[in-house]
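> Okay, here's what each chain looks like letter by letter:
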Amino acid sequence: MSTRTLDVTVSKEGELAVVALTGDLDSRTAPVVQEHVGRALAEHRLLALDLSNLRYMSSAGLRVMLLSYRQAQCASGQMAVVGLSEELRMLMSAVGFLNFFTVAEDLGKAAELLTETP
Amino acid sequence: MPATVASLVAVAEFVGGAVAVAGLGDKDAYRLRLAVDELITNVITHGYPPASAGEIELHSSVSDGWVLFLIVDFGTEFDPTSGHRPIPVVDPDDLPVGGFGLSLARMSADRLIYERVGELNRTIVVVRRSGRDLVAHDDRRPPWMS
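Chains as they are written, first to last, in this note's numbering: chain A, 1 to 118; chain B, 119 to 264.
It should be emphasised that the hints constitute simulated quantities derived from the structure, not laboratory data.
Cβ coordinates follow ideal geometry from the N, Cα and C atoms, glycine included.
Hints may contain errors.
What the hints assert, rightly or not - With the C-beta cut set under 10 angstroms, the calculated list includes, among others, these residues of chain B facing chain A:
1) Met119
2) Thr122
3) Thr159
4) Gly219
5) Leu230
6) Arg234
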């Protein structure tokens, strides 16, 4: 039995939709994340992608993040990424994503950053 | 193993085992998994016709402080070391939604070697203990030049 899987939890914190990922995000698990994030963004203007418990992300995950970012932009929404490990920060930095993603330490800070953005 | 995304679970387990034996730290372990994952995902996605029963072999050689993986596939000839693969200039509106994979594999691996042998693609990935970040392939310099 393998423990390598991905759990997706969707919840709401005030105005913020929260999609929390636990496990590994790769080309095997990316489609289910895309589906959840896409649905959350269709229903909410503000979204936090909580990666505090994400162990691993490949380019398939970066693709999900970029598509989600664009979906949010198109709908005049906002999204933030929460709880980056040093390795995920390294990955996002390597492809330049830290230049345009809102990054927050925790959900409280994410809500603060997103709601103060006009 | 079958050339399907379901095999990425086994790949992760295999890489994890090698990391433990080699005693690599978190960043080096991440680079190794990323390089192997991206190269294998590329073979799964582009190497074989859809729904074909393609196979991929993964072999390892491990010592204290380094890991070497040999990836063998029988698919379309493809050299992941060829061509210039910079990460595009970052503008979220202009960025392509794909194409990061091979760039990241090249940024991650300390050595990346490819050869076509008969009907086989043979790709070798080496990651050494260093704790370094992902660095653009074309920006890396041998130690004696830095």
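> If a hint holds in the structure, say so; if it doesn't, say that too.
Structure-based check of each hint:
1. Met119: violated, 13 angstroms
2. Thr122: holds, 9 angstroms
3. Thr159: Holds, about 5 angstroms.
4. Gly219: holds, 4 angstroms
5. Leu230: Nearest chain A Cβ about 16 angstroms off; hint violated.
6. Arg234: violated, 24 angstroms
Figure legend: structure checked against the earlier numbered hints; hints not met, in rising order: 1, 5 and 6.
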